[in-house]
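Trainee: Read off the chains here:
2 protein chains.
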Amino acid sequence: MPQIAYLGPPGTFTEQATRQLTWDFDAELRPFETVPLALAAVRSGMVLAAGAPVENSVEGSVPATLDAMTTDEPLVAVQEALLPVQFDLLGRPGIAMSEISTVASHPHALAQVRRWLAENLPGASVRATSSTAAGAAAVAAGEFDAAISAPVAIEHYPSLVRLASGIADVRDAVTRFLLVRRPGALPDPTGADRTSVCAVISDEVGTLAEMLTELSLRGVNLSRIESRPLRERFGEYRFFLDFDGHVADARIGDALTALRRRCSTVWFLGSYPKADRSPASVRPTASEQAFQVSAGWLEDIRAGRLA
Amino acid sequence: MPQIAYLGPPGTFTEQATRQLTWDFDAELRPFETVPLALAAVRSGMVLAAGAPVENSVEGSVPATLDAMTTDEPLVAVQEALLPVQFDLLGRPGIAMSEISTVASHPHALAQVRRWLAENLPGASVRATSSTAAGAAAVAAGEFDAAISAPVAIEHYPSLVRLASGIADVRDAVTRFLLVRRPGALPDPTGADRTSVCAVISDEVGTLAEMLTELSLRGVNLSRIESRPLRERFGEYRFFLDFDGHVADARIGDALTALRRRCSTVWFLGSYPKADRSPASVRPTASEQAFQVSAGWLEDIRAGRLA
Numbered sequence: 001m002p003q004i005a006y007l008g009p010p011g012t013f014t015e016q017a018t019r020q021l022t023w024d025f026d027a028e029l030r031p032f033e034t035v036p037l038a039l040a041a042v043r044s045g046m047v048l049a050a051g052a053p054v055e056n057s058v059e060g061s062v063p064a065t066l067d068a069m070t071t072d073e074p075l076v077a078v079q080e081a082l083l084p085v086q087f088d089l090l091g092r093p094g095i096a097m098s099e100i101s102t103v104a105s106h107p108h109a110l111a112q113v114r115r116w117l118a119e120n121l122p123g124a125s126v127r128a129t130s131s132t133a134a135g136a137a138a139v140a141a142g143e144f145d146a147a148i149s150a151p152v153a154i155e156h157y158p159s160l161v162r163l164a165s166g167i168a169d170v171r172d173a174v175t176r177f178l179l180v181r182r183p184g185a186l187p188d189p190t191g192a193d194r195t196s197v198c199a200v201i202s203d204e205v206g207t208l209a210e211m212l213t214e215l216s217l218r219g220v221n222l223s224r225i226e227s228r229p230l231r232e233r234f235g236e237y238r239f240f241l242d243f244d245g246h247v248a249d250a251r252i253g254d255a256l257t258a259l260r261r262r263c264s265t266v267w268f269l270g271s272y273p274k275a276d277r278s279p280a281s282v283r284p285t286a287s288e289q290a291f292q293v294s295a296g297w298l299e300d301i302r303a304g305r306l307a
Numbered sequence: 001m002p003q004i005a006y007l008g009p010p011g012t013f014t015e016q017a018t019r020q021l022t023w024d025f026d027a028e029l030r031p032f033e034t035v036p037l038a039l040a041a042v043r044s045g046m047v048l049a050a051g052a053p054v055e056n057s058v059e060g061s062v063p064a065t066l067d068a069m070t071t072d073e074p075l076v077a078v079q080e081a082l083l084p085v086q087f088d089l090l091g092r093p094g095i096a097m098s099e100i101s102t103v104a105s106h107p108h109a110l111a112q113v114r115r116w117l118a119e120n121l122p123g124a125s126v127r128a129t130s131s132t133a134a135g136a137a138a139v140a141a142g143e144f145d146a147a148i149s150a151p152v153a154i155e156h157y158p159s160l161v162r163l164a165s166g167i168a169d170v171r172d173a174v175t176r177f178l179l180v181r182r183p184g185a186l187p188d189p190t191g192a193d194r195t196s197v198c199a200v201i202s203d204e205v206g207t208l209a210e211m212l213t214e215l216s217l218r219g220v221n222l223s224r225i226e227s228r229p230l231r232e233r234f235g236e237y238r239f240f241l242d243f244d245g246h247v248a249d250a251r252i253g254d255a256l257t258a259l260r261r262r263c264s265t266v267w268f269l270g271s272y273p274k275a276d277r278s279p280a281s282v283r284p285t286a287s288e289q290a291f292q293v294s295a296g297w298l299e300d301i302r303a304g305r306l307a
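Those protein sequence lines, which keep their order, are chains A and B. Residues in the first sequence are numbered consecutively from 1, following my numbering. Residues in the second sequence are numbered consecutively from 1, following my numbering.
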């Protein structure tokens, strides 16, 4: 059975996401202490893949994932998962809400349920733990009365009961996770794919605008952009880009070669099905057929068959 | 004496940054429990301004700042501060490094000194607290042996001593903070200024590239870009942009009016001196004089004085 790494400890949102990312095959999940350690295990071949957060407001470590993917040997994402930011309140059996005087969790999780706590447990004081799962562990050990946890946590702490679920101050917030492995055969295009790259460009006026124009000229829809400073390379900037489409698509391939010409470095970080399955809308001028017809036309001209 | 809000508790990096942001006037610093509460105190007039993190990998809450600035009544940044990500190790007087068995801090701070701890305190186990300052408080209360803290923390816990300082796994990492107040007279241009805006554009192919081209055509150098989803407005995207220059500069004013024409919403988030004081380089075609000459030329033509 293949082993899959994830950012531990067991019982966190990342474990829950990694289960979702590996739903279609039997896998043994192995927790690692940091994202870089989990990805190092993928690079060394110790595990087949790793589940890692990329946009996760609950327990952080998102810059760690992007940084770790673009340091050392290349890795690519092959699957995407979205999890709603909704928590359970776990406690010991028989405890009444009015008896709860301490609530433990990761500081970011506590910040995201502040209003709920004020309304439902106004007398309780909050206690920080190193992860949402560590909060549940501390309650199981008798240190605190209740924990704000990921829904998966209760499976690891069967001595606890769910006192409330679906806890969220903000509706519809989601966190995003990727299954990351060593380069190899790519996932098949599904018509509803996302491609992620990291591009390094010189810190000159207009280079970013030109790079994005290369994408838009080919009808490529950007879904995320984030600049991150490059400490070790002065005068250069790094951009993480997500856009609709698969590297196997003609318009995406054409756009990527343009980026490669313009950028000092382009990391290909994967083409994978979008978790929300929303199909890419492709302009007629950027369709597979349009690219095929125009390539054939040029070939004919170059061969002297057409003028 | 004016009161200035900051994200508490006292003794954190945000307190340290807020001191730096208010170095040029006498101010009484008041801690608030969250960034939204600190900014609400500015909006209501309870305090003059607030120190808030915008790029801070230590204790998080950066999305909270950007979200809170673009929700409710407008606020603008008037001053910027950069702090190195370097920690102190605090403990009780007389304790030897070999006697330290527990080290407390915010989980993100612990993650950023992991290597240092492994090398210098290999036998110690880490304990999470809700902030770096709460770690120092817990050591002062006798709960743990040592704390990883902001350099300012020791001033609040005079019973502790500094066992090590300048602790950092990554050299040169910095966090960025802004002093935020209600709109009013802007800081004077210094020639080394930054302007921050948040622009909402429709989620169509090319709108971002066009927006950035408006900036680059006027020689405006982008220093940061980040997309953030807009939950409540489907089909629109929000971008936080930082660029060199002051809204009083002709090229920046011209670029902002172009953004205003293109975007459904543009929040002006301030023009303020850059903390690193690096002067903006301005192309001859985007200089104040070039804008003045060309505006005068058009005026003359429109008045029939020139053809």
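Hints in this document: simulated from the structure, not taken from any laboratory. Think of the CB as a built atom: it goes at the ideal place given N, C-alpha and C, for glycine as much as any other residue. Any given hint could be a false lead.
What the hints assert, rightly or not - Here chain A is said to cover these stretches of chain B; the calculated rule only asks that three of the stretch's residues, wherever they fall, bring their Cβ under 8 Å from a Cβ of chain A: (1) 12-24; (2) 179-185; (3) 208-214; (4) 266-277.
Unchecked claim - A few chain A residues that face chain B, going by a derived Cβ cut-off under 10 Å, partial list only: (5) Met1; (6) His108; (7) Thr129; (8) Ile154; (9) Arg182; (10) Leu186; (11) Asn221; (12) Ser227; (13) Glu236; (14) Arg283; (15) Ala286; (16) Val293; (17) Ala295.
Trainee: Hint by hint, say whether it matches the structure.
Mentor: Outcome of the hint check:
no.	hint	verdict
1	12-24	violated (count 0)
2	179-185	violated (count 0)
3	208-214	holds (count 5)
4	266-277	violated (count 0)
5	Met1	violated (30 Å)
6	His108	holds (6 Å)
7	Thr129	holds (5 Å)
8	Ile154	violated (21 Å)
9	Arg182	violated (25 Å)
10	Leu186	violated (24 Å)
11	Asn221	holds (5 Å)
12	Ser227	holds (5 Å)
13	Glu236	violated (13 Å)
14	Arg283	holds (7 Å)
15	Ala286	holds (9 Å)
16	Val293	violated (21 Å)
17	Ala295	violated (22 Å)
Of the numbered hints given earlier, the model fails hints 1, 2, 4, 5, 8, 9, 10, 13, 16 and 17; all others are met.
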